[in-house]
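Participant: Spelled out, the chains give:
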Amino acid sequence: KNEVEQSPQNLTAQEGEFITINCSYSVGISALHWLQQHPGGGIVSLFMLSSGKKKHGRLIATINIQEKHSSLHITASHPRDSAVYICAVEETSGSRLTFGEGTQLTVNP
Amino acid sequence: KAGVTQTPRYLIKTRGQQVTLSCSPISGHRSVSWYQQTPGQGLQFLFEYFSETQRNKGNFPGRFSGRQFSNSRSEMNVSTLELGDSALYLCASTPRQGEETQYFGPGTRLLVL
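Chains A and B, in that order, are what the protein sequence lines are.
Position 38 (the first sequence) corresponds to 38 in the working numbering; numbering is contiguous.
Position 7 (the second sequence) corresponds to 7 in the working numbering; numbering is contiguous.
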C-alpha cells in the first residue's frame, strides 16, 4: 500500500463542472502539497497546507489532519485546467516529499 | 527573477555510461531537491541539499550522487547507467530548508539505450 493514495486516477469533466480530487495518506506529516503537471513535464506548486483550507482563484484545497485526508477542488473548470494533479506529503522527519500517483484531469469544452 | 533552470533538457546515453545533470536554483534560494519521475514509479525523491550539505536522501542506489556548490547550483551524477534510469529528472528550489513552496525546474529527460 502506497503511503499517499489519490483518487480518482483519471477524471474527465465538461467545462464548467465542479471537480474534486482526493488524497489520503498514512504517515505523519508536517505539510501536504498539491502540484500541477502539464504535458511536457513542467510542475507548478499550487498549495502547501498544514491545516484548514486555502483558496487561490478557482482552486480550493482542504486538509483534515485527523482523518489524514486532503481534497483539491476546482470550480468552474476550464479546458486549460487539463493536467496531472499530484498530491505530495512532507513527512515530519524532514522536508523530503512523498508523492501520490497523480490524477489525470481532462476538461472538455 | 529567473526561474529554476536545468541543463541539459534532453540527453541520450547508453548503458554503462555516466551522466551529470545540472540545476541552477532561483537566485537567493539555498535549498535544492532532486526528483526522478518514471511512468512506472511516478515521482520519487532523490536527495536534498542545503548550504552545500546533503540533508536528505531517498531510497536510491549509490550510483546516484549529487553535490551543491557555494553558489547553490547543484549537480547530480548517475554512474553505470541502466535502462531503468530513463526518466525525467526534476530539481526544485526553496529559499531555505523546509520552506513552503518548491519551485520546480523544467526537468532533464534522460533516455538510456
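Just so you know, these hints were derived from the structure itself, not from any lab.
Please read these numbers as outputs of a predicted model, since none were measured by experiment.
Beta carbons are placed, not taken as given, at the ideal position from N, Cα and C, and that holds for glycine.
One or more of the hints may lead you astray.
Each pair of labels, with its calculated beta carbon distance range [said to hold, decoys possible]:
#, chain 1, residue 1, chain 2, residue 2, range
1, B, Y10, A, G57, 41 to 49 Å
2, B, E82, A, T12, 34 to 42 Å
3, B, S79, A, H78, 32 to 40 Å
4, B, Q18, A, G52, 41 to 49 Å
5, B, S79, A, G57, 38 to 46 Å
6, B, E82, A, I60, 29 to 37 Å
7, A, S30, B, T38, 39 to 47 Å
8, B, L111, A, K54, 36 to 44 Å
9, A, K55, B, Y10, 32 to 40 Å
10, B, R67, A, P79, 39 to 47 Å
11, A, G40, B, Q17, 20 to 28 Å
12, A, P79, B, I12, 14 to 22 Å
Participant: Of all the hints given earlier, name the ones this structure violates by number, lowest first.
Facilitator: Violated: hints 1, 3, 6, 7, 12.
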